[in-house]
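The whole structure should be built from the sequences, with the hints applied where relevant.
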Amino acid sequence: MKSSHIILFSDCIPVKGINRSIICDTKNNNYFFIPNGLYDILETYNGKTIETIKEDFNHEYDEIIDEYFDFLVENKLVFFNANPNLFPKIDLQWHSPSIITNAIIDFDEIIHDYKEVIKQFEVLKCSYVQMRFFKTINLDFINKIVQYLNNEKSRIVSIDFIIPYNETFSIEALNELIAQNSRIHAVIIYNSPITKSYNPINENMGYILQVERNILNEKHCGIINTEYFYSNINLFSESQNHNSCLNRKISIDKEGNIKNCPSMPQNFGNIKDTTLEEALSHKDFKKFWNITKDQIDVCKDCEFRHICTDCRAYVEEPENHYSKPLKCGYNPYTNEWEEWSTNPLKQKAIKYYGMQDLISKK
Amino acid sequence: MVLIYSKDVDDFVNQVIDCLEVDFIRINEKEVTSIEEMDFSNDSNSYLVKNSYLSNINLENITSAWFNGGCILSDGGDYENKCYEILNDTFFLQKTIKKIGKRKVDIEFNRLDVMLEAKQQGFKIPHTLITGNKTKLKDFFDLYESKNGIIAKRILDSYLYEDDEYLYNFNLTFPITPTVLNEVPNEFAISLFQERIIADFEIRVIYVDGVFYSACIYNFDNTVIDYRTKLRNKENLRIIPFQLPAEIENKLDKIFKRFNMNYGSADLMYSKEDYYFLEINPTGQISFINNACNFYIENLLATKIKNEQ
Ligand code: SF4
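Top to bottom, those sequences are chains P and L.
If you're matching positions, the first sequence starts at 86 in this note's numbering and goes up one per residue.
If you're matching positions, the second sequence starts at 912 in this note's numbering and goes up one per residue.
Don't read these hints as lab results, they were simulated from the structure.
Don't take each hint at face value.
[As the list claims (entries may be wrong)] Quick list of simulated restraints, FRET-style, between CB atoms: (1) L/T1214 / P/N310: 38 to 44 angstroms; (2) P/E261 / L/D954: 58 to 64 angstroms; (3) L/T974 / P/V208: 23 to 29 angstroms; (4) L/R1169 / P/D379: 47 to 53 angstroms; (5) P/F165 / L/R1169: 34 to 40 angstroms; (6) L/D934 / P/Q380: 39 to 45 angstroms; (7) L/D954 / P/V208: 35 to 41 angstroms; (8) L/N1192 / P/E140: 44 to 50 angstroms; (9) L/N1044 / P/N160: 47 to 53 angstroms.
Just so you know, these numbers come straight off a predicted model, no measurement behind them.
By construction, the Cβ of each residue, glycine as well, lies at the ideal position given by its N, Cα and C atoms.
So this is what it looks like as structure tokens:
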């Protein structure tokens, strides 16, 4: 078998960083670190025999080459076949019929007219929604929203609720609510006495997550760490030409202002007197949609750039649209993760965004 | 107006509908579509239906149709459902509009028919025995015992068979083991047996009006006979784009055309550089292939039914 041609499964896509590379397993939401040397070999020799590779290196690195390929075989990233031309690369095209693919609605003091907003989502073909509550709400309210979606046969297939912990409601009651409503993707309860995640209630849907972390406002968003990496073909291909956070996103902040993202300063009118479509037609609304990681400082050298979500709201140099996300502690030049909030080089930006409070409360 | 016949839950149908941007009516298995009237006079035809989303839809005006399983449901009983089905099918059969796919009733083939056609086209086929006799089965079993054994498959595409006591599910392909062979009575209902091919991988081909999308379904676990039974346990599978040689595509094209199909899927096996033909299906699960390979077949399908030619 091993004498045959070695082929990387085309859903396992190598991404080269400045110091090391990863192979993104887009089927299993996983990634594997590989040295840049192996990245180069895969680029040049995919579909050749191991023997050819060894020969080309004058048999000077036979052992390393064997080690490399043992690793790839073991992790089911490659297979052997005599006809490599039968296995084309996966096409990294990305399309969506939706004008808006995902939306965020923030609630604080004001309770927005969510029915009106949901009606507008229908026109925009938006199917993924996240609702964040910065003030205590009761389960009844969540129930009302979901019932409304059901009655309207809404196209929204996935809704997340991010809510503060409150002694009065029980996980059992929440369970029941989720079991009856397959549209609920996740309920995240922050400021909880414990951190705990529960098994999904409806296959792949209905996750309950309790976290101790407190979320006071939208400034808590934008954190980059490995937990938020997502290796799937949809995100991977979208990130080739679009921003991995802001593309086709619309948000309504706690005041009812229509924005690309609630954390961004620019608003395009208030839902009280502006439709989402009107806001979207503003020339600046889509300004960030096509900024890719390949254009962003530092990220462009990072091996994680196609599985990492971006943040354009909080960046290291606030005046520079192509600056690295502020809340990323990763350094692709050293391959080390550091706490971002204590980094001396970031203090100026932290002050700029008024985040000192939020950090000291950690 | 586009007509879509479909099962109730079908992700691929939803994806196509999202790309359509023209009016459509969808007829589902479990959702009532009422025939309000069919009115045929010397100067005009009209056929009005309604469902819970739309009313007063004149199907006389539909410009194209996509048949992807499903059937029409009345709010009456079995008798009325049957009437609906026949009326509806007859109506669409006479209409000369762009049609993708076919109604179940129009598909005039069975497994054997298709297999023989594939052989005619020069495909390899697994050695197949159809019998209801234990001695014959035993001989066949012995023939392949030292090789990879034999398997049993359904003959008809209706997956379920019911008698007074049991509901049989023939959907699965299963191996004939010595135990199974022992338990088989001397005479049994006619069944289809095949030599088991150990494939390098399987190939699922999706065919849309002359365009081919193929995927290699690579299984790390060679003990699995039929990957469809394992779909839920996807850990051992990889599904990646595959480029069928033009010569194989031409053969398949002839088979689809021979059975008047412009939409469907084909299952092949690739074993030691040979392509074995397994079966073709008029509908089938497309989503998992389409999504895994990033094909966006919904775009092509939507264009086809929108353009009406
Ligand atoms: S450097 Fe950029 S791409 Fe890399 S982890 Fe940080 S934010 Fe993500």
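How the hints compare with the structure:
1. L/T1214 / P/N310: 38 to 44 angstroms: Holds - the Cβ-Cβ distance for L/T1214 and P/N310, about 42 angstroms, lies within 38 to 44 angstroms.
2. P/E261 / L/D954: 58 to 64 angstroms: 59 angstroms, holds
3. L/T974 / P/V208: 23 to 29 angstroms: Given range 23 to 29 angstroms: holds, Cβ gap about 24 angstroms.
4. L/R1169 / P/D379: 47 to 53 angstroms: 49 angstroms, holds
5. P/F165 / L/R1169: 34 to 40 angstroms: 36 angstroms, holds
6. L/D934 / P/Q380: 39 to 45 angstroms: Holds - the Cβ-Cβ distance for L/D934 and P/Q380, about 41 angstroms, lies within 39 to 45 angstroms.
7. L/D954 / P/V208: 35 to 41 angstroms: 39 angstroms, holds
8. L/N1192 / P/E140: 44 to 50 angstroms: Check passed, 46 angstroms falls within 44 to 50 angstroms.
9. L/N1044 / P/N160: 47 to 53 angstroms: 49 angstroms, holds
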